[in-house]
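In order, the protein sequence lines correspond to chains A and B.
Numbering-wise (my numbering), the first sequence opens with residue 1 and increments by one.
Numbering-wise (my numbering), the second sequence opens with residue 1 and increments by one.
Calculated from the structure, these hints are not laboratory results.
Owing to the predicted nature of the structure, the values given are computational and were not obtained by experimental measurement.
We put the beta carbon where it would ideally sit given N, CA and C, even for glycine.
Honestly, I wouldn't trust all of these hints.
[To be verified] Computed footprint of chain B on chain A; a stretch qualifies when at least three of its residues, placed anywhere within it, have a C-beta under 8 Å from a C-beta of chain B:
id, stretch
1, 111-121
2, 129-136
3, 338-345
Protein chains: 2
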Amino acid sequence: MPETGVNSGVDLHLELAATGGRRAALITALRDAVRAGRLAPGTRLPPYRALAADLGLARNTVADAYAELVAEGWLTAVQGSGTRVAERAEPLAPARTPKKAPGPPKPQHDLRQGRPDATAFPRTEWLAAARRALTVAPHDAFGPGDPRGRPELRAALTQYLARARGVRTSPDRIVVCSGFAHALRLLFPAVLPGPLAVESYGLAFHRSIFAAAGVPTIPLALDENGACVEDLDVPVVVLTPAHQFPTGGPLHHDRRTAVVGHARATGGLLVEDDYDGEFRYDRKPVGAVQGLDPEHVVYAGSVSKSLSPALRLGWLVLPEHLVDAVLAVKGEREAWASVLDQLTLAEFLTSGAYDRHIRRMRQRYRRRRDLLVGALAERAPHVVPTGVAAGLHAVLRLPPGTEASAVKAAAWQGLALDGLAAFRHPAATMSTMDGLVVGYATPPEHAYAAAVDALCRALPPA
Amino acid sequence: MPETGVNSGVDLHLELAATGGRRAALITALRDAVRAGRLAPGTRLPPYRALAADLGLARNTVADAYAELVAEGWLTAVQGSGTRVAERAEPLAPARTPKKAPGPPKPQHDLRQGRPDATAFPRTEWLAAARRALTVAPHDAFGPGDPRGRPELRAALTQYLARARGVRTSPDRIVVCSGFAHALRLLFPAVLPGPLAVESYGLAFHRSIFAAAGVPTIPLALDENGACVEDLDVPVVVLTPAHQFPTGGPLHHDRRTAVVGHARATGGLLVEDDYDGEFRYDRKPVGAVQGLDPEHVVYAGSVSKSLSPALRLGWLVLPEHLVDAVLAVKGEREAWASVLDQLTLAEFLTSGAYDRHIRRMRQRYRRRRDLLVGALAERAPHVVPTGVAAGLHAVLRLPPGTEASAVKAAAWQGLALDGLAAFRHPAATMSTMDGLVVGYATPPEHAYAAAVDALCRALPPA
Numbered sequence: 001m002p003e004t005g006v007n008s009g010v011d012l013h014l015e016l017a018a019t020g021g022r023r024a025a026l027i028t029a030l031r032d033a034v035r036a037g038r039l040a041p042g043t044r045l046p047p048y049r050a051l052a053a054d055l056g057l058a059r060n061t062v063a064d065a066y067a068e069l070v071a072e073g074w075l076t077a078v079q080g081s082g083t084r085v086a087e088r089a090e091p092l093a094p095a096r097t098p099k100k101a102p103g104p105p106k107p108q109h110d111l112r113q114g115r116p117d118a119t120a121f122p123r124t125e126w127l128a129a130a131r132r133a134l135t136v137a138p139h140d141a142f143g144p145g146d147p148r149g150r151p152e153l154r155a156a157l158t159q160y161l162a163r164a165r166g167v168r169t170s171p172d173r174i175v176v177c178s179g180f181a182h183a184l185r186l187l188f189p190a191v192l193p194g195p196l197a198v199e200s201y202g203l204a205f206h207r208s209i210f211a212a213a214g215v216p217t218i219p220l221a222l223d224e225n226g227a228c229v230e231d232l233d234v235p236v237v238v239l240t241p242a243h244q245f246p247t248g249g250p251l252h253h254d255r256r257t258a259v260v261g262h263a264r265a266t267g268g269l270l271v272e273d274d275y276d277g278e279f280r281y282d283r284k285p286v287g288a289v290q291g292l293d294p295e296h297v298v299y300a301g302s303v304s305k306s307l308s309p310a311l312r313l314g315w316l317v318l319p320e321h322l323v324d325a326v327l328a329v330k331g332e333r334e335a336w337a338s339v340l341d342q343l344t345l346a347e348f349l350t351s352g353a354y355d356r357h358i359r360r361m362r363q364r365y366r367r368r369r370d371l372l373v374g375a376l377a378e379r380a381p382h383v384v385p386t387g388v389a390a391g392l393h394a395v396l397r398l399p400p401g402t403e404a405s406a407v408k409a410a411a412w413q414g415l416a417l418d419g420l421a422a423f424r425h426p427a428a429t430m431s432t433m434d435g436l437v438v439g440y441a442t443p444p445e446h447a448y449a450a451a452v453d454a455l456c457r458a459l460p461p462a
Numbered sequence: 001m002p003e004t005g006v007n008s009g010v011d012l013h014l015e016l017a018a019t020g021g022r023r024a025a026l027i028t029a030l031r032d033a034v035r036a037g038r039l040a041p042g043t044r045l046p047p048y049r050a051l052a053a054d055l056g057l058a059r060n061t062v063a064d065a066y067a068e069l070v071a072e073g074w075l076t077a078v079q080g081s082g083t084r085v086a087e088r089a090e091p092l093a094p095a096r097t098p099k100k101a102p103g104p105p106k107p108q109h110d111l112r113q114g115r116p117d118a119t120a121f122p123r124t125e126w127l128a129a130a131r132r133a134l135t136v137a138p139h140d141a142f143g144p145g146d147p148r149g150r151p152e153l154r155a156a157l158t159q160y161l162a163r164a165r166g167v168r169t170s171p172d173r174i175v176v177c178s179g180f181a182h183a184l185r186l187l188f189p190a191v192l193p194g195p196l197a198v199e200s201y202g203l204a205f206h207r208s209i210f211a212a213a214g215v216p217t218i219p220l221a222l223d224e225n226g227a228c229v230e231d232l233d234v235p236v237v238v239l240t241p242a243h244q245f246p247t248g249g250p251l252h253h254d255r256r257t258a259v260v261g262h263a264r265a266t267g268g269l270l271v272e273d274d275y276d277g278e279f280r281y282d283r284k285p286v287g288a289v290q291g292l293d294p295e296h297v298v299y300a301g302s303v304s305k306s307l308s309p310a311l312r313l314g315w316l317v318l319p320e321h322l323v324d325a326v327l328a329v330k331g332e333r334e335a336w337a338s339v340l341d342q343l344t345l346a347e348f349l350t351s352g353a354y355d356r357h358i359r360r361m362r363q364r365y366r367r368r369r370d371l372l373v374g375a376l377a378e379r380a381p382h383v384v385p386t387g388v389a390a391g392l393h394a395v396l397r398l399p400p401g402t403e404a405s406a407v408k409a410a411a412w413q414g415l416a417l418d419g420l421a422a423f424r425h426p427a428a429t430m431s432t433m434d435g436l437v438v439g440y441a442t443p444p445e446h447a448y449a450a451a452v453d454a455l456c457r458a459l460p461p462a
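Excised from the complex, chain A in its bound form (with noise of 0.2 Å):
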């Protein structure tokens, strides 16, 4: 064997080599690599004929070798599952005991907000739809990928978004990139430096990306209207018109027109951040602003609500003036998005598979509102639930004073939620609204009844 470390559990193949093709040499180099933690204990073998062909031996040999070391215990041979390591060979010894993740005790009940419910990934149609894409996807597909991502996906999502969201765009001007967070690290601060508008209440995450960045955050009141977009005074505002986050409601009429006036009068732009806009359950419709001004609004969409964060996947629609500016910060190749999961997207998209996904969970959902409307008003009167118009979550507003109580109580009840002042821009000067942020998409179907339930139990009474 060569000096212990240097040479140490290098490709078997290559190792073994060195044995010069003799029986016993290769049983004992088999040997010494199991002992030494080379060959892990459940690894699996290569087939004696690959090994056999690889080394220039006899197939016979290699065989005899692999039968003497299971004799000994090293090796075990289990039908169908090819030749492992035994589990009594000593392991590879980590230098020091891994770590726990720290963290409490998983809650009982999950209604956090953000999450769609894992349980409903529709893993059949997307295995079907990444057949089709896989099997006729051109070769350059496997090759350095466009930073704008794959057409395929680009050419799916401008119709798709016209059709659905009121998004007017081209291929060109769309860049796929890994979700929400990518696309604001994209942006900010190369592209757009700052300062920046944002809402009062939003996700602390995102205002912890703009902090990293070096880009001051101004809070913009929101009132029921939504963000109160009068008071805007720099030209960049980062928004979530069709569905305010957490608070819930649709920016109104006006402001939408206001917002977009404000951009062109200011050289400025709008970001829109279309998060849940799929799920609406009344009638009244919300498109997308971007499609008022598509050289003043920056659109950004994920799959993360929709199909699943797992995915990975976003996009941003892009004002003309601005599409390589993003592509200089992207860099020259795709770097980031998968491109097979882009191209499954497209297929999903294109053949309808999207739609009919986002039908299911739209009704699972609007079930979920409605059952959590009705224990409330059954059991809770005194709580208002609001933004449930739309989206995955709704906000139960409470007096002022008791939100923090309420979420302690909550976490008594084994419920795991978050309190509006979790979303509160710390230099916000509006006054403080108590209340809970209940996500209903989160628990799988079987526990969500118990969840609401738990929900009602841990509420404060009128």
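Fit chain B to the supplied structure of chain A, relying on the hints for placement.
The following block gives chain B in isolation, referenced to the frame of chain A:
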């Protein structure tokens, strides 16, 4: 219809709900939506049953409306493909003419380095692995992901890297990422602030990542034994020990030991870029340096050379004391690498499909290497191919001062390839090396012989 723009192009169901259920109004609304481009040519309409259910209309009403619009030429009904917006309808007008990506015409022969044969992606085997993986995956795989990566993949990598590359680790010390460039971004500057030493010849793209991160790099000279690590005067160094990129040799045994010793003595680190470790054609084993001292080496690998850069999957194998720091940069959830691809790769590794693919590709690339070396020996014996024991590229050394004209001559022959100058660190002080970097993995199988022929024609005479 509502005011143009503000409510344009909203979800079809919602928009049409405003028709109040009358057949004539439904027809008008659909016609307007097509004319205004909100329904783009080719867009598939929902099945009439689904639309009727959503709008609370009789099926016949919607079916009649579709039939009328097909008769008028707005829609087309294709057997088995549903009802679509006709191509003769006014297309969605882009606000400006989409730009064509600029650049030279595609060269006839592509011998650029760094690209595996895109025609060889194992589509069928990958889809089979995806089917097995997605069928058995737990539901939580479709929720927010662990930023370290899926446990199935980290377990599979632990075994595979031990067996194939001599890497000693445990799943807790592996962090999945989107490829080597992402790995560098995770490490520099937050985890390792620099300055750091790099090889005098390397990928300019990597140097640009260090520059963007504000991390100064100090070039190390190269000789026939690899990087001159005895010259190291900073604690952190990034190397390609198995196969120096691009010059092609392995780091000498004594220097492997020396670089680890330097890291131990200085509290520093080796970042080991094992970009093509699987592709060796000779039997001399070159395992990962990481196996010598897992607490002083960061090992980085990816599937970009072994399977495809389209997957955007790579991994960092970290010393235990760096795991938390890397995760702090990566974030609380998986924001980058597709969980579906991670699950599939785990299955691909454990099922043996990865080994089979590597064996197949190793044979293919070895044949190409042999064809190249043979053609040069016959037609340009004065040109010495080096770095050919491994990897997906060769370096053809040229007499001093002749590289630039040779690259130009190659371009005239329709060849895309780089000279060594493209890889030289701008601050390198070692003497200049002249040579062509020939990527023999890039062309599809049928085009390779012609590319080698064109190369031989383009080489300078003796």
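Results of checking the hints against the structure:
Residue count for the stretch 111-121 of chain A with a Cβ under 8 Å from a Cβ of chain B: 4. That meets the three needed, and the coverage hint holds. Counting residues of the stretch 129-136 of chain A whose CB lies closer than 8 Å to any CB of chain B gives 4, so the stated coverage by that chain holds, three being the minimum. For the stretch 338-345 of chain A, the proposed coverage by chain B is satisfied: 4 residues have a C-beta within less than 8 Å of a C-beta in that chain, meeting the threshold of three.
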